Amino acid sequence: MPERFKTFILAGLILLSLYLNYILWFGDRYLEEVALPRYEFVFFTPIPSPGLLLTPAEIVLEQRGKEELLLFRRGETAHTHLWQAISALLQRKLPDAAVERPDEAALAVLLQEASAAIFLRFAPPLPQNFFADTLPAALELHGMRLFTSGDVFYMLLEEREKSLYRWFDPEQKALETIISSAAAAAGTPTEKLPPLFVLLPPPTADSGGAAKIIVPEKENEAEVKNLEDLNTTDPDDPARTGDAVGEAGILNAEAGEREGDDVLSEGWKIAVPGSIYVPATPVAGEVLLTREVVAEEELLRAFFLDPTMARRIKERDGAIYYTDGKRGLRIYAGGALEYTAPGQNVLNNRLSYSAALLQAAENLSLYGGWPHNVFLERREKTAGGYHFFWRSFVDGMPLITEQGDCAEMIVNDKGMPYYRRSFYIPGREGRTEPLSFRHYAEALWQAVSLRQESFHRREATLLELEPVYRVLPEAAGARAIPAWAVHFAETGRLYLHWQTLEPL
Amino acid sequence: MDLSRAKTVLIFTFLCLNIILLYQIWASEAGGSPVLFGEEEKASQLEAALQQANLFLNIDLPRGGMRVAHLEVTPWQPDPAEAIHMFWNALAEGEDAAARQQRILEIIKNDNKDPHSFLFGGYELILPGDGPLILRGAFAGLPTEQLRTAAEGFIEQIPFLNDFVYDYKISGDNVTALYYRQAFAGFPLYAGYLQFRHIGAGTKSSYVDVYIYRLSPLGFAEQEREVIPPATALWRFLETYRGENGHAAAIVEFSLGYYSEEYAAQLWEIAPVWRIRLDNGEVYFINAFTGYREG
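Chains A and B supply the protein sequences, listed in that same order. Using the working numbering, read the first sequence as starting at 1 and increasing by one per residue. Using the working numbering, read the second sequence as starting at 1001 and increasing by one per residue.
These are calculated hints, taken from the structure and not from any lab test. Given the structure is predicted, the values throughout are model-derived calculations rather than measurements. Don't take every hint at face value.
[Claimed, not checked] Restraint ranges, calculated between C-beta atoms of paired labels, are given here:
1) B:1130 to A:345: 21 to 29 Å
2) A:345 to B:1065: 32 to 40 Å
3) B:1117 to A:372: 31 to 39 Å
Glycine residues also receive a C-beta, built at the ideal position from the N, C-alpha and C atoms.
Could you put the whole structure together from the sequences, leaning on the hints where they help?
As structure tokens, then:
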């Protein structure tokens, strides 16, 4: 019996010594020595595929024989389907395409022969390798035009140099299918603003007339010069007369008649340096909004190595601020959140645009999720990294919040030094009856009238004009009011109520 | 071969081995002297890093291995009338209490300044919305050697200063500053401080400005965790320490407490920190959970 007892004791001591050796060498190390920077990679929403994280701002269908253009805007179902079909087609076909630098004259003939063309505008630009590996990785894509001529399918990229991709498509089915589905889809009839036009005031207050635009018949240098003469400040200058306008070949595009001297002398010359597509008859009503509220616990786990290490600070405005000394996360009472990590600021970012874009998409999905109908709206390149801005869209129109955008993020090769998020969710109920917007010419007139002091002469440069939803935060709940967003280079952005044209 | 004797010898051998191993583990967890294999090398590396930073460690590092939690606090909001009453009584006696009370009420009523500023009995009390309360013009003409005694007497007479304990003293050109720190549940609360700044020390026109920043601790958070060892905290400190123009300095204090910046907030949690104080008056705080530098 004692021998068996000794054997057990000995075995126990040997096992204990093994355990103690293990503890001594491997066990019980301190937190900062053992804990790798391992975050809880639980995504709020899946990361969108590269083809979907940046979609075209506009898809425009031009059909020969039809003056009307069809516009497809982000947030519209037809836009999503069209973009998916186009990107799938091009990804499939581009590897076999031949590329050339087109001759201008030959290109003009090709475009004239095309029965239809689809124009896609990317804002912000799309890294070309997102679209197809065969395209150069370092280049950015701002726009593309797709068309067919004969049996050949063309893709025209108009960047610094024009590139024409073409491949043989004997049955013409690929693009024809897309074009016919686009024509059948619920696109918005739209018009493209001319590069130069004259904005005329309403005839009189009593007659109930409205402001309108007249467009030069021919766009050439001589007309531009004469239009500039119209804006001379000298009242005796002959250029201010209707003759001068007549010589310039200006017609009233709206009414089809020549305007009188007085009205013309009060006109404004509006230059449009970019392409602006304006929906012909936009219709919208007010929409009730609710703030997105992201699960706080999950957010903390996503942001901090160990949420229990983060200190909680309850601020006087009701916001809760979490910090571990290196980064801070502020969750506002309304649900908005702001994250800062000053240690991740850099002076010279080396991350490429495409890598930054992928990182930003991953971050947005990880830190709160990528809500439905949210699109990347803008990017700014700075020495400290890429600054991305996202917006929500309702019925194809962007929601313009107090800060302008719903989310913003800075991404660089060191991480994410800044992130802000404040999304609104449009309600299905509480919408007012949809009403037509006032004509855009009236909105333009209202904008120049409100900001007359910003202009030296009666001329302006129009950078943006689009129907939007302007968010008005109220105690009872936020409302989205339809509005014209008018952006003159001289004034900055103005938001005008879609019925009253009062500034919002 | 005597198997029984062999077992007995082995039992004793393993017993001794296990005792040695247990001691090693205990000593290592206590965070004290470098008893483990390889720890001597780490200690010598630390000494070399200190020398490179022109720092001298003239004290023993405290023991680590403690488990603590965040401390939840709210800012202390003094009642101006009560504060004036206490300060006035502590600084100047002999006046009729009722008459003084009446004068305090008039002083409070006439205040329309921002930040609030009250003049009473030759003193000025400044109450900013956030940040420290300032009492100007106390102990006029006080000799420097009597500063600590006067300060202790002042603290004794003011109930809301009773949780402040003496911390350290710094003397400079014409100014001597006595620092007191708040304490809570046996821990130093470095974020709360009481400072007596003796201006014009040694002259007849000297006076003392008193700075009070006090917190109201609500209690500790539930989640406790082990603090990083002092040696690790020292490493983290040396990673960011830049020194003062290359001048040599000595570490005169290395202690565990609670510290945070002064927030304009309703309520906040304070992290435990290792405080490293140098003989040149510089004070550094290393978060005892994360190792990040605070402040």
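Against the structure, the hints:
1. Taking 21 to 29 Å as the suggested C-beta distance range, the pair residue 1130 (chain B) and residue 345 (chain A) conforms, at roughly 27 Å.
2. A hinted range of 32 to 40 Å for the beta carbons of residue 345 (chain A) and residue 1065 (chain B) is consistent with their spacing of about 36 Å.
3. Our hint of 31 to 39 Å for residue 1117 (chain B) and residue 372 (chain A) is violated, since their Cβ atoms are close to 55 Å apart.
Hint 3 alone, counting from the list given before, is not met by this structure.
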